[in-house]
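Engineer: Read off the chains here:
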Amino acid sequence: MKNCTFLIALLFCAGSTASAFAQSDAEFAKANQEFAKGDFKEAIAGYEGLVRAGQWNANLFYDLGNAYFRTRDFGRAILNYERALALDRHHPEATANLQIARDESRALELQPTRVERYLQFASINQYSIAAAAAFWLGIFGIVALILARRRSTTLTLLSILCLLVCGMAAWAIRTLDNGSEGRGLAIVTGNDVQARLATADTANSVLALPPGSEIKILSTRGDWIYAALPNDLRGWIQTKSAEQVRL
Amino acid sequence: MHCRILLAIFAVVGTVQMACADSPSVTAVLSNSEATVGETVELQIKVTGPGDARPPEEISIDGLEIHSTGTSRQFEIHNFSTNSSVTYNYTILPLRAGRFTISPQTVRAGGKILRTPELALNVADAPGKAPTTTRPGRGAQNQTTSAGDLVFAELIVPKKTAYVGEIVPVQIRMGFDARVHPRLTEPPDITGQGFTAQKLQQSSQNLETINGRPFEVVTFKTAIAAARAGKFEIGPVKAKAQVVVPRRRNAPRSRSPFDLFDLDDPFSDPFFSNPFAQFGERRDIQISSEPVALEVKPLPPNAPPSFSGAIGSFTMATDAKPKSVQVGDPITVTTTISGRGNFDRVNAPLLEDDRGWHKYPPSSKFKQDDEVGISGTKTFETVVSPNENKQTLPVLAFSYFDPAKEQYVTLHSEPMAIAVQGGAAAPAVAAQPPSSSPPTAARGRSPGADSNKPQDILYQLTEPSRTVASFEPLYTRRGFWMGQSLPLAALFVFVGWKIRRARLEDREARRIGALQHEAAELMHKLRRDDASPREYYAEASRVVRLKAALASRNRGVDPNAVDAEAAAETFKLDTDSRDRLRRLFEQNDEWQYSGTHNGPGRISPENRRDVLELIENLK
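So the sequence lines, in the order shown, correspond to chains A and B. Note that this note's numbering numbers the first sequence so that position 143 is 1499, with each residue one more than the last. Note that this note's numbering numbers the second sequence so that position 514 is 519, with each residue one more than the last.
Worth flagging that the hints you see were computed from the coordinates, not collected in a lab. Hints are supplied without guarantee of correctness; some may be wrong.
Capping the alpha-carbon separation at 20 Å, the derived lysine to any residue pairs in SDA-like fashion look like this [stated by the list, open to error]:
(1) B:Lys395 with B:Ala325
(2) A:Lys1393 with A:Trp1412
(3) B:Lys364 with A:Glu1465
(4) B:Lys364 with A:Gly1546
(5) A:Lys1572 with B:Thr227
(6) B:Lys204 with B:Thr227
The following block holds chain A by itself, in its conformation from the complex (with noise of 0.2 Å):
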């Protein structure tokens, strides 16, 4: 009687599942279709429909950031585009959209630092794997030692060369999230949006940033974002002026 149970229930949530997909699917297309007829609005919001459904893939923001794109809000484009990205970062549709928008635009980018670009050919899920799987070598090596009767030095070295490794790729972990491309990254929606050296409308300004452009938010308070700006400056832009690129 319970595994009746049990199966029925797994039949249900696999049904209800494919539904949910092909639902999905149906309003992809139809979005799809508002953009080929050129309503890029009704497409736009067909696409952030899914998105807010939390139907999240690469293909789903690249069609989003082109649909932004159409209707020339080049802020909304790049975020999308850069959204894309995250998710896919060898997206090559995105990748050449995105540098598209950026002329259009002029947006203005963060410079990643030497160190960013060098720990940059692989991705932070790349490097979470391998400080995983080092870590449990290094661990599986060092118990090893522990209850050997003879210490072998080849096994000693191994347990150490993983264990570093290990480190050396939470340590690139660490600066790739806090780095230009991590979580604190943002682009710029808003026109016309100023960076102020205080959290007043007239404060004096530090830099105009044309829609698109990348900022690294730092801190947040109330409406306010203290941010990381292009040219090594820093300063603070209003809430609604941005949006993060992870959500």
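Could you slot chain B onto chain A? The hints should help.
Structural biologist: Chain B in isolation, oriented as in the chain A frame:
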């Protein structure tokens, strides 16, 4: 020894730093560019950099009386970087009204001849003294003293009228009787509304004689800017201090012999003339000055388009690099705005005609020449890129309001010739969009882009994705950490297996050790000559069994289960040795089962030697 090495390193580093320090430079500022006849103005000439400096010997200007009032030196070390400066102070007393120009003065420093910038001073006729002074003294009407005339405060505002946003320098002088050991517990604060004040900077501390009494006078400098038009009261300045005063006594105090005129001078107390006559007490006092009236006028209407709120007196210089570029290449235009005024409202100059140009947001840096940032130089770097062929850079315009002239002034940069190559002023070309995309509106080209290159985004991706991705990095996901339980479980299994294996190995080792020990004991007994035949054969056969069990490849062999054949097989014995071994076991059985009386009472030495030889050769 180490100390000497360290000192030597510091000396070398210091010498290198001194040698590598910047070349000397000189700046000169006036405490106020406007004054009235009889009102003193301070002139400071600051020489920064290495080497001895020689100030101007004499500054002589008709209508101005200029006297040197001293020199102050500053020497700073920051992270092995040294920075020294000498400031020469002068007091200027205008003798008549007019506009005076203090010509560039020659200063020799570090083997170089430097010149100060030209300074202008506008002197008006004195309608009355503007500053409000509140000094101790019986005759002063505007006196505001406390704690028995031991302290005074005065707020000096050099102007009675100003414009909205205009920076007005302000001095606060706080005097303390030199004998009361003053300690400022709360710094002075300018109260009032309708204006903003900059951070107070302590400028100097001098000993002055006021009304015949020595006072320590601390001078603070700041600047205020009115936020709106109207009549304001600046101040009063309030501060708190602790001073040492004589203790209160019930008995009337004895008058000083010098207090002949019953002036009720607090300093006639014996405490001041003889500190040991009576101990003083430290008392908190509040100091405040008289407020100063300031009339703030609104800025006149019809400000030029490039006016951003700058008020003061400024000059502008412009430069651009490079001057020969391709279409779309960046040109950095450096604009330097120097002078005196509210630099926080000085924005980058505007391009008068920016058609055919793309302008990037400017960057700016400010170098102030005085303590409060009224005088200085603000440098803007603006990157512009030509979208088409151009022969000159666009003219830059910067406007400010000059309160002395009471009118707006617009400064223009000189037209700068440049050479732009690579392309006519072609409009941007819109690309033919892919079949799934509708046409795109024409857009401008990116700088440096090929003029014929189409610039359109790529096609839509219509293929739906079956997987839902996450922005969360892997290491922040719960699944990742749950997954670590697998290797953790494997680790526990591994540890358990290793421990069990070690225990088994230990048990076997202990068993082998015990067998070896027993064999050695028995061999020792066999070599002795005191055992009965029964015991001897029993022990000999036991040794054979032990040796066979130890030599067996199968470690779990029980010695009691080993017979003659098994032992012979274990040691791969030849026929003769097998027979001898068999005989040994048979004799043992015979002695064990047939009783002790069926043979001789002792073993012959030959038999003993034969058995020992057999056993010792079992390897």
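Engineer: Please go over all the hints and tell whether each is borne out by the structure.
Structural biologist: Consistency of the hints with the structure:
1. B:Lys395 with B:Ala325: Between B:Lys395 and B:Ala325 the Cα gap is close to 14 Å, so the pair holds against 20 Å.
2. A:Lys1393 with A:Trp1412: Outside the cut-off at roughly 24 Å; violated.
3. B:Lys364 with A:Glu1465: The hint holds at about 16 Å.
4. B:Lys364 with A:Gly1546: Roughly 19 Å separates the two Cα atoms, so the pair holds.
5. A:Lys1572 with B:Thr227: Roughly 36 Å between the alpha carbons, so the hint for A:Lys1572 and B:Thr227 is violated.
6. B:Lys204 with B:Thr227: Distance ~6 Å between B:Lys204 and B:Thr227 Cα, so the pair holds.
When each numbered hint is compared with the structure, violations occur for hints 2 and 5.
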